[in-house]
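Trainee: The lines below spell out each chain.
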Amino acid sequence: MRTNYSDLAAVDGRRRLNMDKVMTAVCFVLLFIIVIIPIFMIIYNAFFYEGKFDLSLFTGQMTDSKNLAAMWNTLKIALFTTVLGTIMGVFYAWLLGRSDIPMKGVMRALFNIPYMFPPFLGAMAWDILLNGRSGYLNRFLVSTLHLSGMPFNINSLGGIVFVEVSYYFPFVFMQVVSALERMDPTLEECARIAGAKQRTVIWKITLPLVKPAISAGALLILTTSLAHFGVPSILGYAQGIYTLPTRIYSVIYNTGGSFDGIRQGAALSVMLVIVVALALVLQRWVLSTGNYDIIKGKSMRPTLIKLRGAKLPLLLLAVLTLVLIVIVPLVMIVLISFIKAYGLPLKLENFTLAQYARVFNANGTLDSIKNSLFASITAGVVCMFLGTLVAYVVQKIKPRGKGILEIVSMLPYSIPGTVLSIGVILAWSGALGVTLYNTIWIILVAYMARYLSFSMKTSSAALLQVHSSLEEAARVCGASHTESLADITLPLIRPAMVSGFFLIFLPAMREVTTSILLYGPYTRTLGVQIYSLRDAGMIPQAAALATVAIGLIIALNTIVTLITKDRKGV
Amino acid sequence: MANVRFEHLTVRYSEHTVFSDFSLEVESGQILCLVGPSGCGKTTLVRALLGLNKPETGTITVGERVLFDAKRRVNVPAEKRNIGIVFQDYAVWPHMTVIENVSYPLKKQRRNKQEIRERAMKALEQVHMTEYANHLPSQLSGGQQQRVAIARALVTDSDVVVMDEPITNLDAKLREEMLLEIRMIQKRLGATILYITHDQQSALQLCDRMAIMRQDGSLCQCGTDEDIILRPADRFVFEFIGVSNFIPLCVEGGRTYLDCGEKIPFADLPAGVDARGKEMGVRLNDVVFDRQSPIEATVTSRVFLGSEYNYFLRLGQRDIRVQQSTLDARTFGMVAAGERVGIRFLNPRFYDGKGAMA
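Protein sequence lines, in the order shown, are assigned to chains D and L.
Each residue of the first sequence is one higher than the one before, starting from 698 at the first, in this note's numbering.
Each residue of the second sequence is one higher than the one before, starting from 267 at the first, in this note's numbering.
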């Protein structure tokens, strides 16, 4: 009864225009504009032509062999990435969370790096190393081992899966590590005391208990991989390997961004959304998520399993994995950024700073950094406030239709970025009287739709912690509704709002999937700029800009960590 | 000083009616304890008084001031009611220091800085928290946070202070101390206090008057604590306010029996009571040992509780509980497990039986 906040709204009801109603209305209107309109436009354009229902476009696209092949590829890549990434994530989570392997702290930090590293830069690095025709490592192996052909080819389905796994396994890793840490160790101890062997305990107790965490992480890998654009486009294009997102891009790109191309893209988008939706259903069916109370919020010291003889080999394996997925791509990109011309051997005399000079003298580069900063910061700030507003309305005001509000704000999160951009193009290229195409604003609108749920989730969680009696106490102490919001609620959720901002700002800075479809001549973002430099064959320049971007991301991340550490007090 | 009057109040949450046509008066300068089982609508009543929910019918007045009147469409907003509140979970703002918490109501009254500081310190003094003025709530224990909440409720010298189960989260010793302290503060300030609890023990310690609410939200008795304990209005009050034994009665051939699996003759039935279908309720300490009594039971166990002994007796096929104060045990002697004893019932009450349930 106490949590029934709508009471406060009812009490204020005498005034005709009250804060709660205004906030609720603002939420509905903004979400309608940002989320509903683009999604509606996709569906409308896929199924209606000149105002009439018309399935021919959709069926045409559905039966196109290229599209079917792309769909098949998307599924294969996503499936393998999910399975391998989950296995890898669980294994390393267990190794770092539950065994006595040395150097845990360092390794945990390193295992989180792939999470913030833009996957398409990783793909770029591996392309440089293992390109089927000109990869550095390939050529090195051929010349030293006198092979007749290139030993590896990263430009294949296997290559794409390999790169995606190495950047997506942290989704499972992070979820499972934290679940393992919150698990009551006595549960395992009891099993041991009851006579179970170590291996039995792992299979019968530990794994089932962290199954919800595994399943949540796997779901994240699956949906991200299905919607992913960067890696398959960098590695697949050369060999004609398409996935649905890259196919959508190329359809639009090949038609020069004409309305017809965008309509085809819209039809393909519907296909992609169907695939994602099917995957979600399948996932829920295969891994039915149970929830166990025995995983507590409190941190406890789990019993560590002694690895004994396996310690050194396992340590070596972990270190090798880290080198392979973190160090090698990073070093490669940095090295290539110094090379005079792509293809030259990596020798000191071939190194130069000229690429950096070239990149920064090119007029697009600084603009792209500025654009990215502008779009990410603005999207971050706007979403921080809008997300908090939506969270407040859903959690505290609880108007009729709050369920709709919640679903609508979370919807773009499960919609692939490519699809979202098409919706944004269709909505804001004049069809509704507003033309934002080729401006930075269209990118901003897309970012806002895409990342809104991030800030909403963090603010929601924080608001749940703010017991309604705190705000009520302020009211009774003589504060008006607005004052109680400003004095009590906002200060209490400020840390969550700030972290919500960074949750949006950081990924938006390295974004490429959405902006690749939305950029105009003067509105390239950092990600787009790197992508198009590489596309134009200027690989060393792309690498130079990528190095700058990585530096920027690492610096920003460090700042965020420092800021959030200081905020433990409240 | 002001009294609080609830008249014909009805509160409904969508389909669920919490209480209807509820009337109650808290007299000026008194502590009224509102006691009732969890979920009976105590908190809802408080929220109506504070202006945190909107009743459907009725009026709420404090002194001469009408805070709510459904007919005349009066509804003073929460921030203008000037009622002190101590919430069950304290609701001390975690991002403000103790002094900031206590100053907040004064700040909202736009007092000058000097006055705010002085009055806040005075309020803290009353709850013995001056040395913690600059602490954050996270640095305080539950009892200390409690005091901050009380200081915040008292700081504006509101005529009426509401306390909603303020001590349930404290340990037994601290609870006792806080009750004494609330009592003393009330004496000093002469405020009217509405104290909400489901624990009749603390209510007894604190109150001038007590009001008992039933599960369905209706008021079943309102009076002094002695009234409630000694003259309970009905079986609900009797049962709610203390632990008791219930023994069914039956009448056969004009004689009354205690129906305990086997029928034990019962001669002490007061005149004018029809025993048919009735149950007899007796408090634990109203069962006394008496060798002369024809009613005999077997002692199954004895537990020493410090100030009293607790016995379990077997009366026919029924278990009954008996409490004997340690003083009585010393004076009149105690009984041991296995002994056969005669018992007598003082102050028995006769209520309609609940059938097989009892």
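Keep in mind that the hints are not guaranteed to be accurate.
[To be verified] Output of the computed footprint for chain L on chain D, the stretches with three or more beta carbons under 8 Å from beta carbons of chain L: (1) 866-875; (2) 1184-1198.
[Stated by the list, open to error] Just a sample of chain L residues kept apart from chain D, beta carbon distances all over 10 Å, derived: (3) Gln296; (4) Gly317; (5) Ile349; (6) Ile351; (7) Gln380; (8) Ala399; (9) Lys453; (10) Gln467; (11) Tyr617.
Simulated from the structure, these hints should not be mistaken for laboratory data.
All values reported here derive from a predicted model rather than from experimental measurement.
Idealized CB from N, CA, C, for every residue including glycine.
Trainee: The structure should be examined with respect to each hint, and the outcome stated for every one.
Mentor: Hints versus structure:
1. 866-875: violated (count 0)
2. 1184-1198: Coverage by chain L holds for the region 1184-1198 of chain D (4 residues, Cβ < 8 Å).
3. Gln296: holds, 21 Å
4. Gly317: Violated, because the least Cβ-Cβ distance between Gly317 (chain L) and chain D comes to about 6 Å, which does not exceed 10 Å.
5. Ile349: Per Cβ check, Ile349 (chain L) is inside 10 Å of chain D; nearest 6 Å; violated.
6. Ile351: Per Cβ check, Ile351 (chain L) is inside 10 Å of chain D; nearest 5 Å; violated.
7. Gln380: The claim holds: Gln380 (chain L) sits with its nearest Cβ about 19 Å from chain D, beyond 10 Å.
8. Ala399: For Ala399 (chain L), whose nearest Cβ neighbour in chain D is about 18 Å away, the distance exceeds 10 Å, so it holds.
9. Lys453: Its Cβ never comes within 10 Å of chain D, the nearest being 24 Å, so this holds.
10. Gln467: Its Cβ never comes within 10 Å of chain D, the nearest being 24 Å, so this holds.
11. Tyr617: Non-interface label stands for Tyr617 (chain L): nearest chain D Cβ at 31 Å, farther than 10 Å.
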